[in-house]
Amino acid sequence: MLPNEIAISVQGLKKSYKNVTVLEGVGFEVKTGSIFALLGSNGTGKTTIVKILTTLLKHDSGTAVVNGFDVAAKPDSVRQSISLTGQFAAVDEILTGRENLIMIARLRHLDNPRQVADDLLKRFGLTDAADRRVSTYSGGMRRRLDIAMSLVGESQLIFLDEPTTGLDPEGRIEVWKMVKELAGSGTTVFLTTQYLDEAEQLADRIAILHKGRIIVNDTLAELKKLFPPAKVEYIEKQPTLEEIFLAIVGKKEEKDNGND
Amino acid sequence: MDMGVMFGRSMRHIFRSVDTIMTVTISPVAIMLLFVFVLGGAIQIATDNYVNYLLPGIMLMTIANGIGYVSYRLLLDKQRGIFERFHSMPIARSAALWGHVLVSLVSNAISVTVIILIAFLMGFRSPAGVLPWLAVVGILGLFTLALTWIAVIAGLSAKSADSAGAFAFVIHLLPFISSAFVPTNTMPKAVRVFAENQPVTSIVNAIRALLNDQPVGSDIWVALAWCVGIMLVAYVFAMRVYKKRV
Ligand SMILES: Nc1ncnc2c1ncn2[C@@H]1O[C@H](COP(=O)(O)OP(=O)(O)O)[C@@H](O)[C@H]1O
Ligand SMILES: [Mg+2]
Chain A
1 MLPNEIAISV
11 QGLKKSYKNV
21 TVLEGVGFEV
31 KTGSIFALLG
41 SNGTGKTTIV
51 KILTTLLKHD
61 SGTAVVNGFD
71 VAAKPDSVRQ
81 SISLTGQFAA
91 VDEILTGREN
101 LIMIARLRHL
111 DNPRQVADDL
121 LKRFGLTDAA
131 DRRVSTYSGG
141 MRRRLDIAMS
151 LVGESQLIFL
161 DEPTTGLDPE
171 GRIEVWKMVK
181 ELAGSGTTVF
191 LTTQYLDEAE
201 QLADRIAILH
211 KGRIIVNDTL
221 AELKKLFPPA
231 KVEYIEKQPT
241 LEEIFLAIVG
251 KKEEKDNGND
Chain B
261 MDMGVMFGRS
271 MRHIFRSVDT
281 IMTVTISPVA
291 IMLLFVFVLG
301 GAIQIATDNY
311 VNYLLPGIML
321 MTIANGIGYV
331 SYRLLLDKQR
341 GIFERFHSMP
351 IARSAALWGH
361 VLVSLVSNAI
371 SVTVIILIAF
381 LMGFRSPAGV
391 LPWLAVVGIL
401 GLFTLALTWI
411 AVIAGLSAKS
421 ADSAGAFAFV
431 IHLLPFISSA
441 FVPTNTMPKA
451 VRVFAENQPV
461 TSIVNAIRAL
471 LNDQPVGSDI
481 WVALAWCVGI
491 MLVAYVFAMR
501 VYKKRV
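Residue numbers (our numbering), protein chains in the order written: chain A, 1 to 260; chain B, 261 to 506.
It is possible that some hints are incorrect.
What the hints assert, rightly or not - Think about it this way: if two alpha-carbon atoms lie no more than 30 Å apart in a straight line, the pair counts; the simulated BS3-like pairs of lysine-lysine are:
#1 A:K225 <-> A:K237
#2 A:K122 <-> A:K58
#3 A:K224 <-> A:K177
#4 A:K237 <-> A:K177
#5 A:K14 <-> A:K224
#6 A:K18 <-> A:K211
#7 A:K58 <-> A:K74
#8 A:K180 <-> A:K122
#9 B:K449 <-> A:K211
#10 B:K503 <-> A:K58
#11 B:K449 <-> A:K58
#12 B:K503 <-> A:K14
#13 A:K177 <-> A:K225
#14 A:K211 <-> A:K237
#15 A:K14 <-> B:K338
#16 B:K503 <-> A:K211
#17 A:K14 <-> B:K504
#18 A:K224 <-> A:K211
#19 A:K18 <-> B:K503
#20 A:K74 <-> B:K338
#21 B:K419 <-> B:K504
#22 B:K449 <-> A:K180
#23 A:K18 <-> B:K504
#24 B:K449 <-> A:K18
#25 A:K18 <-> A:K177
#26 B:K503 <-> A:K74
#27 B:K338 <-> A:K18
#28 A:K14 <-> B:K419
#29 A:K211 <-> B:K338
#30 A:K211 <-> A:K74
#31 A:K31 <-> A:K237
#32 A:K14 <-> A:K31
#33 A:K177 <-> A:K122
#34 B:K449 <-> A:K74
#35 B:K338 <-> A:K58
#36 B:K449 <-> A:K14
#37 A:K237 <-> A:K14
Hints are computed from structural coordinates only; laboratory data are not their basis.
Produce the complete structure using the sequences and hints provided.
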């Protein structure tokens, strides 16, 4: 693989907080333009990895290279080429959605902050709410704005730390759609998640973090081979609450659209 | 330029929560009313204008009030991940912090101006010219900066909104045990020793003398030394906390 085809390269990464060891030698590579999912249960160290890769936290040993720059040696160059959507929506509640976007565009020294904000608001379906304070937004809208803020400046690599945790099923699907669009436009996406189905839906490659190490790192197709072979069984399948909810909401939307 | 963006952001916060300025100024105004109209008759001070006497201490109380909100805003930015967002961007690491500091200066200036206007309505008059007033602005600015850096430490170390503002309570008490309301020579010995040697007394005395166009003597140097000293020490610790926690 050519070096410029690799967006992230991590080797032997170790990190402890005081007396707790969180990462005990983590290694993986992320190909440019792909969606990479880091899967792990709560407290396994996903956020720790994201923080190290986005220069927010120093690691103890090992190397991490992002877009060709060592995160420890060249943090400024790393920051130029990445964008982070943290685990909790980092939006300014007192500003409006539009003002949040314009603020980030100004900080990224873009030529036309207003235009950039308008385009993103439109793309994320926030135009109607653009001039309302974010404190009035729903969880899904906040998350959308949060992700939109990360897209200001069109970084080549974006980090999404548990982008759908805490969202309702509808919000989740919206975020999934956005991530797919992003990857479609050539952006590399590094995302963390606690849900297998999310990784399944989105990722080209899935790595599972467990007890401080990557225990599996493969494509979905290969991963599926590791699972116990599918058995054919006949059971009466009750629809899940999620399916019922989506069915109702879906019908309602069809009706609403029909009325337009 | 990035700092300008940060500053603009926080100024919006202030102007969208005008109630903050109200909350900050209301208790000093209430205390001023209480002392002037209720207790003023009983307080024997060799001055014909008790509002003039009170104003310097009331100004300091107003700033102490405003400082609590500085901590609170910092805590929110930390908790909401706003600092992380900024720090993962290619901008100076300190820009986010300095935005808060600038805003502290501006918002406290607004609150103190409000207090001066209210005092004026209550009978405050000053014979001082431009230079003494500038000196007062300078001292108040330094006092605000000193408290702001303490607020940064509190806000970034705090776990909840209550603890973020708790330190302001202590600062709030200091004017009561100083020359802000009554001369220190009326106090019992032990209290008096404390009152005469704590920062608020020298700051109040210096501002009072400047506003009344009287000679300030050594008070102004003691006041400046306190402000600059506290500011430098708090700044060093605040930067340490900022590097460590944010
Ligand atoms: N600042 C910190 N100090 C001490 N321990 C921490 C700190 N941050 C995280 N941890 C611990 O490190 C482990 C991994 O945390 P984190 O990376 O947030 O996991 P995840 O994102 O996978 O849920 C957890 O056990 C957490 O309690
Ligand atoms: Mg996490």
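If you check each hint against the structure, which ones fail? 2, 9, 11, 14, 22, 24, 25, 31, 34, 36, 37
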